[in-house]
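*Asks:* In the order they appear, the protein sequences are chains X and L.
Going by the UniProt record's numbering, the first sequence opens with residue 1, and the numbers climb by one from there.
Going by the UniProt record's numbering, the second sequence opens with residue 1, and the numbers climb by one from there.
In case anyone wonders, no lab produced these hints; they're calculated from the structure.
For each residue, glycine too, the CB sits at the ideal point set by N, CA and C.
Just to be clear, a hint being listed does not mean it is correct.
[To be verified] If you only want the chain X side, here are some residues facing chain L, beta carbon under 8 Å, derived: (1) Asn135; (2) Leu209; (3) Pro212; (4) Phe233; (5) Gln286.
[What the hints assert, rightly or not] With beta-carbon atoms standing in for the labels, derived distance ranges: (6) Asn70(X) to Arg206(L): 45 to 51 Å; (7) Thr32(L) to Asn70(X): 27 to 33 Å; (8) Lys153(X) to Ala33(L): 28 to 34 Å; (9) Ala340(X) to Ile299(L): 51 to 57 Å; (10) Glu324(X) to Ile17(L): 49 to 55 Å; (11) Thr192(X) to Val100(L): 57 to 63 Å; (12) Asn98(X) to Gln195(L): 40 to 46 Å; (13) Lys206(X) to Glu288(L): 23 to 29 Å; (14) Ala145(L) to Lys211(X): 33 to 39 Å; (15) Gly331(X) to Val100(L): 55 to 61 Å; (16) Ile165(L) to Ser200(X): 35 to 41 Å; (17) Ile21(L) to Thr196(X): 34 to 40 Å; (18) Gly129(L) to Thr192(X): 53 to 59 Å; (19) Asn70(X) to Ile87(L): 49 to 55 Å.
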Amino acid sequence: MTFRISRRMAVPLSTVAVVSLALTACGGGTTKSSSSGDTSGAAATTAAKADPNAPLKEGLKIAYLPKQLNNPYTDVEVGGGKVAVGEIKGDYKLVGPNDASASSQVSYINTLIQQQQDVIVVAANDPNAVCPSLNQARKAGIKVVSFDSDASKDCRDAFINQATTQGIGESLVKMASELAGGAGEIAVLSATPNATNQNSWIEVMKTELAKPENAKLKLVKVAYGNDDDQKSFTEAQGLLQSYPKLKVIVSPTTVGIAAASRYVSASSYKGKVAITGLGLPNQMRQYVKDGTVKKFALWNPADIGYLAAYAGAALKSGQITGAEGEKFKAGKLGEYTVGAAGEIVLGPPTEFTAANIDKFDF
Amino acid sequence: MFTKFANWNVAIIGVTIAVLIIAAATVDNFGTAQNFGFLILDLLPIALVALPMTLVIVTGEIDLSVASTLGLSSAVMGYLWNQNQPIETIIPLCLLLGAVLGAVNGFFVTVLGLPSLAVTIGTLALYRGLAFVVLGDGAVADFPAQYTDWVTGNIGGTSIPNVLIVIVILAAVFGVILHATPVGRAVFAVGASEQAARFAGVRPGRLKFWLYVVSGVVAGLAGLLWTLRYSSARADNGAGLELAVVAAVLLGGVSIFGGKGALPGVIAGVLLLASLQNALRLSDVSNEALNVVTGVLLIVSVLAPNLATAVRSSLQRRRHRPEPL
C-alpha cells in the first residue's frame, strides 16, 4: 500500500494539465483582436516633441484594463473603446481582474508589457500600486492613458476625466432653471452629508445660483437620502409635503433621482413637480416615457472609453505628448485639448430626454 | 514517510518542468528574462507563506489567517510610516507583530485545544478587521525608493529578481529543518500520530505553538515585501491569498490529513500554479477559464494519490482472486 503507483499517475496528470492548457488556450479568450499583423513602425522611441500633423498610426495594439471585469458600467465604457479602436483600425484587447483589489491589476500590466501592446488604457484600482509596472510599460514604449479613476500623475501619459466638478454643477443648475421656467423653489436630494463629490457639486450649484441670471431661483433645502432607496424615497416625499410650492427636485445621485421619480410618478405631484439630476438611462427610462422626468444628465460612459482610444492613439502616433495645450481629434467627438497635468476632460454631461434616451443602454 | 511521498514529488516536479518547457516553446514572450522576473515577483508572497504552511499542514493543522496577517502587517507598516517612524524601526516591528499574531493562533490551538480550522478562520476575520481599524480604506504610498526599488529590482545587471534570494534562503532553511533535523522528524511524527509522537518524547503542543509563531513571522515578512513591491500599504492587501497558498501546498503533495509531504514538491507546486497562470494570461485566456484550470488541477492533486491507492488495491484483489474452476 505504498504510493509507488503515483509515478504512473504522473502521466495522466501531466496529460490533464497539458490538455487543459491547450483547451483553454483555444477556448474563451478575452481578446477580440484580429491580430492583423505587425504594428506599423513598432516605434518604441518616444517623440519628445508633439507633431499635430503626424498621421494616426494603423494597427495599434490598444488594451483596456478596467477596475474589474463583468461590471455593467465598465462594459459600456470599454464598449465605446472597442468602437474607437475599430475606427482607427487598431487591435482591441480587454483584460482585467475579477476583483477590484489594489494590486490585482499589476500582473495584467506585466502581461501587457510582455505582449508589447502599444497603448494601455487603465482605470486604476489604486493610484500607486500600479505605478511601478505602468512606468515599466512606459519605459518599454507603451503609452498609458488612465480613465475613470486616475493613476498617479507621474506614471501615466494622459487622464480622461469624465467631467469637471464645475461642469456638473453648472449643468445641474441649467437643467433646474429650464424646468422651473427660470423662477421658483428648488431642492436638492443628495447622497450622504459627507460625500465629497456630491458636496463639491452642490457648492458649485450654490455659486451658480448666486449669479444674477438665477436670482429668481431659490434653493430651499438640501436633503440627504444616504444613497439608500427607501430613505431617498421618504426624503423626496418629505420635501414635497414641506414645500408645497416646490418646482424642481435636483438629485445628483443615481439612487436618489430614481427613488424621487418613483414617488412622483405615482403621486398627485406628477406633472407639477419636475425631477432632474444625474441618473442612469436604463433606470430612468420609464419615468422619462411616462412624463415624470423631462431631462436629466450623466456623462456618457461609452464616450469615455472612446476618447481614451483616440488619446492613446494620438500619443503613440506622436500627435501629442500629454503636455498642456496640445490638441488632437477624437473621431465623432471632435477636437480635444490636453489640460493641466495631462488631463483631458470629456466635456459637459450628456443630457437625456424622451427624444434621445432610447439611444443609450447602460 | 519521506520516501513514500517521493514519487509524488518526482511527479509534480516533472509536470512543472514539462509545463515550463511547453509554455516556453508555445507561448509568446513566456520564456523571456523579463517575464521570469515578473513570474518570481508574482509568486513571491505565495512561495514565502507556503513554506511554514507546509510544516503546519504536515502536523495535521492549518493556518488560514496568513493572508490577514499579511494585510495587518501592511496596514501597520503604512500607519507607522504615516507617523514618521523610520523604516528601519518599522520592519522589525512588523515581524514582531507577525510573531504575536501567530502566537495568538498557537495559544488557541495548543493551550485551549481548539480546532485550528475554526481558530484561524476566526483570526482570518479578526486580523483583517484590525487592519481596517488601523488604516481604514486608505492607502499609504511614499515608501523610500531604495527599499521599493530593491524589492522590484534585479541582482546586478542580471534579470534575476532580488527577492529570489529571500525565497531561496528561506526555502533552504525550511527544507533543512523539515527533512534533516529532529524538529522535522517531530513534525512528521505529530502529523502521523500525535499520541505516538508524545510517547516518543515529542511535545506536540509546544511544537505546534512555535510553528504558528513562525507562520506569523513569515506572513508579516510577506506583508512587508508586498507593501514595498506595490508601493502601497493597504488593509485589503493579500486578501484571499490563504487559499492560493493552501492550494499550492496541496498541489505540492502535502496531505491535508497531515503526516505526509515534502518541501521540493511544494516549491514545484507554487511554481506550477504561478507559471500556468502566467502562461494562460499571456495566451489571452479568460479569468474564468483560468480558475477552472486551477480548480481542476487541485482536485486532481488531491484525488490522484487516493485514486492511485484505490486502483492499485482493487487490481491486487482481482489478481489474488482464485480462478473459477
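*Asks:* Each hint should be assessed against the structure and marked as holding or not.
*Replies:* Here is what the structure says about each hint:
no., hint, in the structure
1, Asn135, "10 Å, violated"
2, Leu209, "34 Å, violated"
3, Pro212, "42 Å, violated"
4, Phe233, "28 Å, violated"
5, Gln286, "33 Å, violated"
6, Asn70(X) to Arg206(L): 45 to 51 Å, "48 Å, holds"
7, Thr32(L) to Asn70(X): 27 to 33 Å, "30 Å, holds"
8, Lys153(X) to Ala33(L): 28 to 34 Å, "30 Å, holds"
9, Ala340(X) to Ile299(L): 51 to 57 Å, "54 Å, holds"
10, Glu324(X) to Ile17(L): 49 to 55 Å, "53 Å, holds"
11, Thr192(X) to Val100(L): 57 to 63 Å, "37 Å, violated"
12, Asn98(X) to Gln195(L): 40 to 46 Å, "45 Å, holds"
13, Lys206(X) to Glu288(L): 23 to 29 Å, "48 Å, violated"
14, Ala145(L) to Lys211(X): 33 to 39 Å, "48 Å, violated"
15, Gly331(X) to Val100(L): 55 to 61 Å, "58 Å, holds"
16, Ile165(L) to Ser200(X): 35 to 41 Å, "48 Å, violated"
17, Ile21(L) to Thr196(X): 34 to 40 Å, "53 Å, violated"
18, Gly129(L) to Thr192(X): 53 to 59 Å, "23 Å, violated"
19, Asn70(X) to Ile87(L): 49 to 55 Å, "39 Å, violated"
In this structure, the earlier hints numbered 1, 2, 3, 4, 5, 11, 13, 14, 16, 17, 18 and 19 are contradicted, and the remaining ones agree with it.
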